[in-house]
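Peer 1: In terms of the working numbering, the sequence shown opens at residue 1 and continues consecutively.
Hints listed in this document are in silico derivations from the structure and should not be mistaken for laboratory results.
You may find that some hints are simply not true.
Stated by the list, open to error - Here are the computed distance ranges between Cβ atoms for each label pair:
(1) Lys-66 / Ala-37: 25 to 31 angstroms
(2) Ser-179 / Thr-12: 28 to 34 angstroms
(3) Glu-146 / Gly-4: 33 to 39 angstroms
(4) Glu-196 / Glu-146: 26 to 32 angstroms
(5) Thr-12 / Gly-133: 28 to 34 angstroms
(6) Leu-89 / Ile-69: 33 to 39 angstroms
(7) Leu-89 / Ala-37: 21 to 27 angstroms
Given the structure is predicted, the values throughout are model-derived calculations rather than measurements.
Each residue gets a CB set at the ideal place from its N, CA and C atoms; glycine is no exception.
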Amino acid sequence: MPHGSIQNYLATHARPAFPTRARWVLDIARGAGHLHAAGVLWNDCSIFNALLADDGAHARICDFGKAVIWPAVACPRVGVAPPPYAVPLGHAHTSGNAWAPDLFALAGVAMFLLAWRHPCAAVAGLNGWTSEGEYMERCEAHERGEFDALDPARFGEHLARVVARGFRLEHADAREFASEFEDALARWEEAFGRGELPDPDTLIPEIAVADAAGPAVCATDS
1 MPHGSIQNYL
11 ATHARPAFPT
21 RARWVLDIAR
31 GAGHLHAAGV
41 LWNDCSIFNA
51 LLADDGAHAR
61 ICDFGKAVIW
71 PAVACPRVGV
81 APPPYAVPLG
91 HAHTSGNAWA
101 PDLFALAGVA
111 MFLLAWRHPC
121 AAVAGLNGWT
131 SEGEYMERCE
141 AHERGEFDAL
151 DPARFGEHLA
161 RVVARGFRLE
171 HADAREFASE
181 FEDALARWEE
191 AFGRGELPDP
201 DTLIPEIAVA
211 DAAGPAVCAT
221 DS
């Protein structure tokens, strides 16, 4: 796959249109769902570990070095994913959800690819990673039941609900996440087609893309 990971692709290309990025989320969720169906916890879900197909329209998950056969003999290593993808330990244990690491990370992937903002981060964009202080503050907020959220007025109530349920670890597994996301995306397409929802990308800032022939330039969707 010549494009490499989603992270690498976005660092060197203009941001794809919203429907394409949403399709990537669905592909990643389906991939995680296949693992869960086989009793495997991916344990390292992020845009670093999703490769783009040759046409750039689909994503395929990769890197299973931290995967865990479930049910595990001991507690899964829920802290292996980098912030903001790692589920807070207290939140994972309180939920009792065996698939907590993957579900929380899927919600984080969806949050970024749809809204162009990493969970917990104060700054939007690919490089807007949360600081350690911001991450710890968000972990405390999670313990109070406060989570990052998509704006229903911008993304529709259905996509917003799927991401919210992901952060709250309410899905049975990634298969349910993928099924709900697919339905929510179809509803968004219908509502957008009827003019009931705005283009979500109109509020996303420009991206600085590294130009191989010179310094970084700003690029937007064409």
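Peer 1: Against this structure, judge whether each hint is valid.
Peer 2: Quick rundown of the hints versus the structure:
1. Against the hinted window of 25 to 31 angstroms, the Cβ-Cβ separation of Lys-66 and Ala-37 comes to about 19 angstroms, which falls outside the hint.
2. Separation of Ser-179 from Thr-12 is about 33 angstroms and conforms to the stated range, judged on CB atoms against 28 to 34 angstroms.
3. Roughly 35 angstroms separates the CB atoms of Glu-146 and Gly-4, a value that falls within the hinted 33 to 39 angstroms.
4. Against the hinted window of 26 to 32 angstroms, the Cβ-Cβ separation of Glu-196 and Glu-146 comes to about 29 angstroms, which satisfies the hint.
5. Checked against the given bound of 28 to 34 angstroms, the beta carbons of Thr-12 and Gly-133, roughly 30 angstroms apart, stay inside it.
6. For the pair Leu-89 and Ile-69, the beta carbons lie near 21 angstroms from each other, so the given range of 33 to 39 angstroms is not met.
7. Hint check: Leu-89 to Ala-37, Cβ distance near 26 angstroms, so the stated range 21 to 27 angstroms holds.
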